[in-house]
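Following the hints, position chain B against chain A.
2 protein chains.
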Amino acid sequence: MLGGRPLFGEPLHVGRPNLPDRRRFGELLDCMFENRWFTNYGPLVRVLQSRLQEKLGVRHCIPMCNGTIALELAYRAMGFEGEVVVPSFTFVATAHALEWQRITPVFCDIRESDFTIDPACIDALVTQRTTGIVGVHVYGNPCDHEAISVVASKHGLPVVYDAAHAFMSEAGGASVCRMGALSVLSFHATKFFSTFEGGAIATDDDEIAERVRLMMNFGFAGREKDRVDYVGTNGKMTEVCAAMGLAMLEQVEQIREVNAANHAVYGEALAGIPGVRLAQPSPALEMHNWQYVIALVDEEAYGLSRDQLVRVLEAENVLARRYFHPGCHRMEPYRRSFEESGRSLPVTDRLSGMVLSLPNGESVLPEAVRWIGDTVRLAGTKAGEIRAKLKEGGHA
Amino acid sequence: MLGGRPLFGEPLHVGRPNLPDRRRFGELLDCMFENRWFTNYGPLVRVLQSRLQEKLGVRHCIPMCNGTIALELAYRAMGFEGEVVVPSFTFVATAHALEWQRITPVFCDIRESDFTIDPACIDALVTQRTTGIVGVHVYGNPCDHEAISVVASKHGLPVVYDAAHAFMSEAGGASVCRMGALSVLSFHATKFFSTFEGGAIATDDDEIAERVRLMMNFGFAGREKDRVDYVGTNGKMTEVCAAMGLAMLEQVEQIREVNAANHAVYGEALAGIPGVRLAQPSPALEMHNWQYVIALVDEEAYGLSRDQLVRVLEAENVLARRYFHPGCHRMEPYRRSFEESGRSLPVTDRLSGMVLSLPNGESVLPEAVRWIGDTVRLAGTKAGEIRAKLKEGGHA
Numbered sequence: 000m001l002g003g004r005p006l007f008g009e010p011l012h013v014g015r016p017n018l019p020d021r022r023r024f025g026e027l028l029d030c031m032f033e034n035r036w037f038t039n040y041g042p043l044v045r046v047l048q049s050r051l052q053e054k055l056g057v058r059h060c061i062p063m064c065n066g067t068i069a070l071e072l073a074y075r076a077m078g079f080e081g082e083v084v085v086p087s088f089t090f091v092a093t094a095h096a097l098e099w100q101r102i103t104p105v106f107c108d109i110r111e112s113d114f115t116i117d118p119a120c121i122d123a124l125v126t127q128r129t130t131g132i133v134g135v136h137v138y139g140n141p142c143d144h145e146a147i148s149v150v151a152s153k154h155g156l157p158v159v160y161d162a163a164h165a166f167m168s169e170a171g172g173a174s175v176c177r178m179g180a181l182s183v184l185s186f187h188a189t190k191f192f193s194t195f196e197g198g199a200i201a202t203d204d205d206e207i208a209e210r211v212r213l214m215m216n217f218g219f220a221g222r223e224k225d226r227v228d229y230v231g232t233n234g235k236m237t238e239v240c241a242a243m244g245l246a247m248l249e250q251v252e253q254i255r256e257v258n259a260a261n262h263a264v265y266g267e268a269l270a271g272i273p274g275v276r277l278a279q280p281s282p283a284l285e286m287h288n289w290q291y292v293i294a295l296v297d298e299e300a301y302g303l304s305r306d307q308l309v310r311v312l313e314a315e316n317v318l319a320r321r322y323f324h325p326g327c328h329r330m331e332p333y334r335r336s337f338e339e340s341g342r343s344l345p346v347t348d349r350l351s352g353m354v355l356s357l358p359n360g361e362s363v364l365p366e367a368v369r370w371i372g373d374t375v376r377l378a379g380t381k382a383g384e385i386r387a388k389l390k391e392g393g394h395a
Numbered sequence: 000m001l002g003g004r005p006l007f008g009e010p011l012h013v014g015r016p017n018l019p020d021r022r023r024f025g026e027l028l029d030c031m032f033e034n035r036w037f038t039n040y041g042p043l044v045r046v047l048q049s050r051l052q053e054k055l056g057v058r059h060c061i062p063m064c065n066g067t068i069a070l071e072l073a074y075r076a077m078g079f080e081g082e083v084v085v086p087s088f089t090f091v092a093t094a095h096a097l098e099w100q101r102i103t104p105v106f107c108d109i110r111e112s113d114f115t116i117d118p119a120c121i122d123a124l125v126t127q128r129t130t131g132i133v134g135v136h137v138y139g140n141p142c143d144h145e146a147i148s149v150v151a152s153k154h155g156l157p158v159v160y161d162a163a164h165a166f167m168s169e170a171g172g173a174s175v176c177r178m179g180a181l182s183v184l185s186f187h188a189t190k191f192f193s194t195f196e197g198g199a200i201a202t203d204d205d206e207i208a209e210r211v212r213l214m215m216n217f218g219f220a221g222r223e224k225d226r227v228d229y230v231g232t233n234g235k236m237t238e239v240c241a242a243m244g245l246a247m248l249e250q251v252e253q254i255r256e257v258n259a260a261n262h263a264v265y266g267e268a269l270a271g272i273p274g275v276r277l278a279q280p281s282p283a284l285e286m287h288n289w290q291y292v293i294a295l296v297d298e299e300a301y302g303l304s305r306d307q308l309v310r311v312l313e314a315e316n317v318l319a320r321r322y323f324h325p326g327c328h329r330m331e332p333y334r335r336s337f338e339e340s341g342r343s344l345p346v347t348d349r350l351s352g353m354v355l356s357l358p359n360g361e362s363v364l365p366e367a368v369r370w371i372g373d374t375v376r377l378a379g380t381k382a383g384e385i386r387a388k389l390k391e392g393g394h395a
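As you go down the protein sequences, you meet chains A and B in turn. Residue 253 in numbering that gives the first Met the number 0 sits at position 254 of the first sequence, and the numbers go up by one each step. Residue 96 in numbering that gives the first Met the number 0 sits at position 97 of the second sequence, and the numbers go up by one each step.
With the rest of the complex left out, here is chain A:
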């Protein structure tokens, strides 16, 4: 940024995909071609399903084409309509999957401590039209299911969870996917566990699982051919994605170790930088995937805003992301109706201006983490110079 070559020759991404063992993936592909079965609940999807069920300790974990379609299916299978309470501090798909089906997302604030929906804020948002509550296990941190359940029960509302970040997150001796009526997982390429694109609905409820299975296949009734019982869509995972999933599943423990080790190095590398601190996993977590490295930037103490630090890192070829910024309530499709509501989400607004997601995964070496730490530290000491430079360049 202040002259010289970037620190990294190649961009260092947040969410650069972890790779499977190619030989293992190849074997599974051979299997698929021998079966001549490419989609429609094929044998590899069924094996993946049972492996996931074992891994998470849930009765059902139904693989799907992606996490967003899984969210849509989840909402539909729960009979959501009218309004649904959902945090604004989440990937926009959590809200879009409601709006896609003309359900109005009613945005709720989060807790400072762990970025998850604040149970104390839900009650005031419930109206006659409310049909459900969605929690998001942000960065793998489990929502406060007990407190959410109290307000949900009071109004007779079902609770579902967006667990896109939370594959292998455990709390209270079990997978967080056992909370609520169901949980939605994402297996996108950038996730800890990937099937290229993919997702799943996990639930212990046989009836919900049955409805999801029908709805993801056009509502076709299980036994009788050509009979359609439900409105549905195509949410099917292909065999080739299941092959990727099966290969990757053999490596998740190893990837978790790499992530955890990197996280520890980030902790050292960012220690003692005024105005920058690493968000720690929720104390409620007994185990998780360590994928998310979230720095919080306090502009006043650090000298640069989070967005200015993003530009510094970009100049060094470190592609840090603002997960999540802005809150969904400030995005074009939702902004106006939120403003009209006269509500405010102070914690979401403050934290979404501070969070910075840093690269992790097998492609990130500990040495790179240390360099990133040094860059962040150095940028803070040269904050004045950098602000001047950014002003020159026409940046705020």
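There may be inaccurate statements among the hints.
Just so you have them, the derived chain A footprint on chain B, three or more residues with Cβ under 8 Å [as the list claims (entries may be wrong)]:
hint: 1; region: 13-19
hint: 2; region: 225-234
Label-pair restraints from in silico Cβ distances [unchecked claim]:
hint: 3; chain 1: B; residue 1: 58; chain 2: A; residue 2: 256; range: 44 to 54 Å
hint: 4; chain 1: B; residue 1: 39; chain 2: A; residue 2: 42; range: 26 to 36 Å
hint: 5; chain 1: B; residue 1: 393; chain 2: A; residue 2: 39; range: 22 to 32 Å
hint: 6; chain 1: B; residue 1: 173; chain 2: A; residue 2: 252; range: 52 to 62 Å
hint: 7; chain 1: A; residue 1: 155; chain 2: B; residue 2: 8; range: 53 to 63 Å
hint: 8; chain 1: A; residue 1: 52; chain 2: B; residue 2: 21; range: 24 to 34 Å
No lab work stands behind these hints, which were simulated from the structure alone. Cβ coordinates follow ideal geometry from the N, Cα and C atoms, glycine included.
Frame of chain A; chain B shown alone:
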């Protein structure tokens, strides 16, 4: 059925997938792993997109995760809401993709001659709430776009086409995908051209294409990171599916020849059977994929109903399918409101009771086609005996 072993040792499916050249597919996979890019509009998807655009002669052909999600995106990008006129004689996804977004499908009858929406029936279905018309190029037969356009213009309604069957269908010197505001393709494993699961939206309209591209990626604005302009979903095709598509695209001419040759053999094999006739491609077609082999069974003249013939073929391990039966208007999610409307769809009801889709594709040898013909012929001559046998077995 009348004793003895089934004709075929292994089931002969409608829509058994055609296979790619494994070596070619493997090269493309190597490419994908070298890129370390698995989804999110990657290089293979972009190459597939430009190949498809060339092949179809359209400005835009945007690959997606499947045909149903492509339909949903198409409807959303067109701003459909309220009611949309759509034929009932179609795969249920055409209607579901409306209902999924709380748009009411208003079912229209078809023409006897080519199974496509009857332009003469549309006008009476248009109300104040109607926002669009959907045509379906059933079995690749082109809709009568000129006549549909007249009624659409009268009411100021946009027209889109479900071209799931019509990859490489040409009429009037161009791909049928150039009709209307946009066309939706399906590349499901059972289709003529496959990407495992997949679909696309083809259009010559830059503005619609831009909206589709944004909506299929969560509404993220092209240039600015983290800015969401539209409600969207995840409609992205993965790189691995694009690899399959690129490999298959090299074989479509060859598969078309096989399909056409089989179609001709079916013609001979079914010739002169009383009450059974092969539906011929629309005379408007100048070129098509010959995938669909549709027999029409006239129970009175043949001696067996279409459904009884399905059972005979099943007993011989020939898995023929009733595409399309029943009409969408008779399916559970739509039945009641259709009945309440007091309307009727006589052509749809009659043809959906007669149609039978027979196996085609590279896995079907001409000899098998002749055996299927012989079976159909023989079953007609032994109709009485078979009906008695089915009655014994508890079938209607």
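Each hint, compared with the structure:
Counting residues of the region 13-19 of chain B whose beta-carbon sits less than 8 Å from any beta-carbon of chain A gives 3, enough to reach three: the coverage restraint holds. Check result for the region 225-234 of chain B against chain A: holds, 9 residues qualifying (beta carbon to beta carbon below 8 Å, three or more required). As the Cβ distance of residue 58/B to residue 256/A is approximately 49 Å, the hint placing it in 44 to 54 Å holds. In this structure the supplied range 26 to 36 Å holds for residue 39/B paired with residue 42/A, their Cβ-Cβ distance being about 28 Å.
Here the CB-CB span from residue 393/B to residue 39/A is close to 28 Å, well matched to the stated 22 to 32 Å. Between residue 173/B and residue 252/A, the C-beta spacing of about 55 Å keeps the proposed range 52 to 62 Å intact. Taking 53 to 63 Å as the suggested C-beta distance range, the pair residue 155/A and residue 8/B conforms, at roughly 56 Å. For the hinted restraint 24 to 34 Å between residue 52/A and residue 21/B, the CB-CB distance of approximately 32 Å keeps it satisfied.
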